[in-house]
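These protein sequence lines are chains Z and P, in that order. Position 416 of the first sequence, counted from 1, bears residue number 416 in this note's numbering, the numbering being contiguous throughout. Position 150 of the second sequence, counted from 1, bears residue number 150 in this note's numbering, the numbering being contiguous throughout.
Mixed in with the good hints, there may be bad ones.
[Unchecked claim] Straight-line alpha carbon distances no greater than 20 angstroms define the calculated SDA-like cross-link-like pairs of lysine to any residue that follow: (1) Z:K321 to P:G132; (2) Z:K185 to Z:G129; (3) Z:K321 to P:K126; (4) Z:K2 to P:E188; (5) Z:K13 to P:E107; (6) Z:K185 to Z:E127; (7) Z:K2 to P:A99; (8) Z:K13 to P:K126; (9) Z:K195 to Z:E158; (10) Z:K321 to P:T79; (11) Z:K2 to P:P84; (12) Z:K321 to P:P127; (13) Z:K2 to P:R71; (14) Z:K13 to P:D102; (15) Z:K286 to Z:L207; (16) Z:K321 to P:Q78.
[As the list claims (entries may be wrong)] One side of the interface only, derived from the structure: several residues of chain P facing chain Z at Cβ under 8 angstroms: (17) A67; (18) N70; (19) R85; (20) G133.
Since the hints were derived computationally from the structure, they do not count as laboratory data. Since we're looking at a predicted model, the values are computed, not measured. From the three backbone atoms N, C-alpha and C, an ideal C-beta is built for every residue, glycine too.
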Amino acid sequence: MKRFLYELSESWKIAATQMRSNLTRSTLTALGVIIGIVAVTLMGTAIGGIQVGFDKSMSIFGDDVLYVGQWPWRKVDDWWNYRDRKKMKTEYADALNRMIAMTPNSNLMIAIPTSSVIRNVKYADSEVGNVLVRGTVSDYIITSTFDFKEGRFFNDLESRGGANVCVVGYDVADALFPSASPIDKSVLINGQPFKIVGVIARQGSFLGLFSLDSIVVMPLPAFQKYFTAKSEADILVKVKDKTKLAEAKDELDGLMRRVRGLPPEKNDDFSINEQQALKSTLDPIKNSIAIAGLFITGLSLFVGAIGIMNITFVSVKERTKEIGTRKALGARRRTILLQFLIESTALCLLGGIIGLSFAFAMCYLIGVAFPSFPIQFSTGLVAISMVVSVLTGLISGFAPAWTASRLDPVTALRYE
Amino acid sequence: MGEETVRALRGVSLQIHRNEYIAIMGPSGSGKSTLMNMLGCLDTPTSGRYEFNGKNVAEMNDDELAAIRNREIGFVFQTFNLLPRSTSLRNVELPLIYAGIDPDTREEMAAHVLHEVGLGDRMNHKPNELSGGQRQRVAVARALVNKPSIILADEPTGNLDSKTGEEIMALFEDLYQRGNTIILVTHERDIATHARRTVHLRDGLIETDHAGFIPELDLVALDRP
Chain Z
1 MKRFLYELSE SWKIAATQMR SNLTRSTLTA LGVIIGIVAV TLMGTAIGGI QVGFDKSMSI
61 FGDDVLYVGQ WPWRKVDDWW NYRDRKKMKT EYADALNRMI AMTPNSNLMI AIPTSSVIRN
121 VKYADSEVGN VLVRGTVSDY IITSTFDFKE GRFFNDLESR GGANVCVVGY DVADALFPSA
181 SPIDKSVLIN GQPFKIVGVI ARQGSFLGLF SLDSIVVMPL PAFQKYFTAK SEADILVKVK
241 DKTKLAEAKD ELDGLMRRVR GLPPEKNDDF SINEQQALKS TLDPIKNSIA IAGLFITGLS
301 LFVGAIGIMN ITFVSVKERT KEIGTRKALG ARRRTILLQF LIESTALCLL GGIIGLSFAF
361 AMCYLIGVAF PSFPIQFSTG LVAISMVVSV LTGLISGFAP AWTASRLDPV TALRYE
Chain P
1 MGEETVRALR GVSLQIHRNE YIAIMGPSGS GKSTLMNMLG CLDTPTSGRY EFNGKNVAEM
61 NDDELAAIRN REIGFVFQTF NLLPRSTSLR NVELPLIYAG IDPDTREEMA AHVLHEVGLG
121 DRMNHKPNEL SGGQRQRVAV ARALVNKPSI ILADEPTGNL DSKTGEEIMA LFEDLYQRGN
181 TIILVTHERD IATHARRTVH LRDGLIETDH AGFIPELDLV ALDRP
């Protein structure tokens, strides 16, 4: 054991001496590993960024809320089966709430009606297009995950009375009121004025596809007064215990069938959606992007590894006589094996450290230049890169090191 | 595979005792290198026995051979075979590393032998900062440092001028006087005269095995075409 440690420290010293005395060669070889590690690490940070963005987007939906609607949240190959389903109605929420109240130990807490359309929003000379205008009740706030930048959500009184008030998303407020506070100002939607009572803090976008901040929320009666055409209703149902989501879903399914008056032999003519289902639809896509990305960048690391293997072979060839001498002086096979493995590993580790610093710097610069670009530099990634570097060194150095360790001392000593 | 087995040595029977100073001589192709490799445990005989301190070397595996080379044999090569980028001290320490000796003791032992061979003031010099004779002294120190049973010198003066060669031979004489066993492989008769016993090889066979150097035989050798 002690001898192993001495041989190990000796091997490190030899490796350091070798690198110093063959500086150009070592640098060029390490460059291959550096590029490989930079590529893999940057890909890793991008994947990490995508993951974080994905989770953030998912959290918008809340993990304790069920969404009842006409369409399921997944790719449907038989869309015609869903197209002719009966429209969802906001009144279902009242029916559901009555049934929930009558059910002892219900897993459901409350049903919230929502109805949405896409409209333009105007203030003075400014106008924002494609805004999601949603009518709902004041309890909507308990199913939502957003915070307020200023102001408040509309209250129960405004909700029931159908007052012309609204809460606007960050983008809407920013576009219409770049310098002043939008509170108590009235925006025009469909020619109708709605007084702003609150501004929602920035939520970002959903998977970068559409902004979650381009939204106006108003009391349902007011909404129904002006926006019934082409509106789409959804019922949001909050569950009491998110660990019993499956039971809650079953219960809700039963209640909805009663609301719809479906006989037992008929299939559901509605869909109950949840965050998890969406996740399991999108996860495979995300994973295949990650795997493809890592594979392609992994190739560059592979090229680097071949460089290391090549240079270690050259090193073994050049130092055949030295190997013979070492063997004559009592070096065992494993000593020689260890020596060359450590040389290739040291080279890879050095390349890995330099590559990682480069990647870190690049991440930082990208982060500064494009704040919205998803990039996530983690300590886990550092550890993985180091492990990958060491493994690259061990694997690529093994064949040459093995050759060296098997050299016949007599032949090696005679080598010129 | 498919290689012809060359019998470099045939029926060589040789006994070397502790504290002998023996020269092995012979023209090239006589099998003296093969014999030296056997004696140095770098190679094992395809058949026959080689007993080293009563242990049969032919049956040893690679690690055991390495251990024997490390502890029992001190090699001195014609081309010195020093590590070019290491100091004298580090070169001499090398066998001790493979013996698993701790760094402090290692340095102490290496410094001690370097003093013994007269290089106390050259310990931190690298081989390219030393003369040929000094390099060979470092190599001798490296051979001695593990207190081996035999010192095996293969043409130790082959790369040195005759004056420096004589200095190295004087060093061997001194080592012999101090109780070391020395096996000298050479084709130079001047060098072989330093040994107390001379073995002549020819075509893989022992031609003569004499105590002391026999001048007549040398004349015979010179007369050969």
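Going through the hints against the structure:
Taken as a hint, the K321 (chain Z) and G132 (chain P) pair is honoured in the structure, with Cα atoms around 19 angstroms apart against an allowance of 20 angstroms. For the hint linking K185 (chain Z) to G129 (chain Z), the alpha-carbon distance of about 19 angstroms falls within 20 angstroms, and the restraint holds. A distance of roughly 18 angstroms separates the Cα atoms of K321 (chain Z) and K126 (chain P); the hinted pair therefore holds under the 20 angstroms criterion. Distance check on the hinted pair: K2 (chain Z) and E188 (chain P) sit about 44 angstroms apart at the alpha-carbon level, beyond 20 angstroms; violated.
Restraint check: the Cα-Cα separation between K13 (chain Z) and E107 (chain P) comes to about 16 angstroms, which is no more than 20 angstroms; the hinted pair holds. Restraint check for K185 (chain Z) and E127 (chain Z): the C-alpha separation of about 14 angstroms stays at or below 20 angstroms, so the hint holds. For the hint linking K2 (chain Z) to A99 (chain P), the alpha-carbon distance of about 10 angstroms falls within 20 angstroms, and the restraint holds. As the CA atoms of K13 (chain Z) and K126 (chain P) are separated by approximately 16 angstroms, the hinted pair is consistent with the 20 angstroms bound.
Pair hint K195 (chain Z) plus E158 (chain Z) holds up; C-alpha atoms about 11 angstroms apart against a cutoff of 20 angstroms. Pair hint K321 (chain Z) plus T79 (chain P) holds up; C-alpha atoms about 10 angstroms apart against a cutoff of 20 angstroms. Distance restraint check for K2 (chain Z) and P84 (chain P): the Cα-Cα separation of roughly 27 angstroms exceeds the 20 angstroms cut-off, and the hinted pair is therefore not satisfied. For the proposed pair K321 (chain Z) and P127 (chain P), the alpha carbon gap of about 16 angstroms is at most 20 angstroms, so the pair holds.
Annotation: proposed proximity of K2 (chain Z) to R71 (chain P) holds, straight-line Cα distance about 17 angstroms (limit 20 angstroms). The straight-line distance between the Cα atoms of K13 (chain Z) and D102 (chain P) is roughly 16 angstroms, inside the 20 angstroms bound, and the hint therefore holds. Distance restraint check for K286 (chain Z) and L207 (chain Z): the Cα-Cα separation of roughly 11 angstroms lies within the 20 angstroms cut-off, and the hinted pair is therefore satisfied. Proposed proximity of K321 (chain Z) and Q78 (chain P) is supported: the alpha carbons are some 13 angstroms apart, at most 20 angstroms.
About 7 angstroms separates the beta-carbon of A67 (chain P) from the nearest beta-carbon of chain Z, less than 8 angstroms, and the hint is met. Given hint, N70 (chain P) at the interface with chain Z, holds; its Cβ is 2 angstroms from that chain's nearest Cβ, closer than 8 angstroms. Hint on R85 (chain P) holds. Least Cβ distance to chain Z is approximately 5 angstroms, under the 8 angstroms limit. Hint status for G133 (chain P) relative to chain Z: violated, with the closest Cβ pair at about 19 angstroms, above 8 angstroms.
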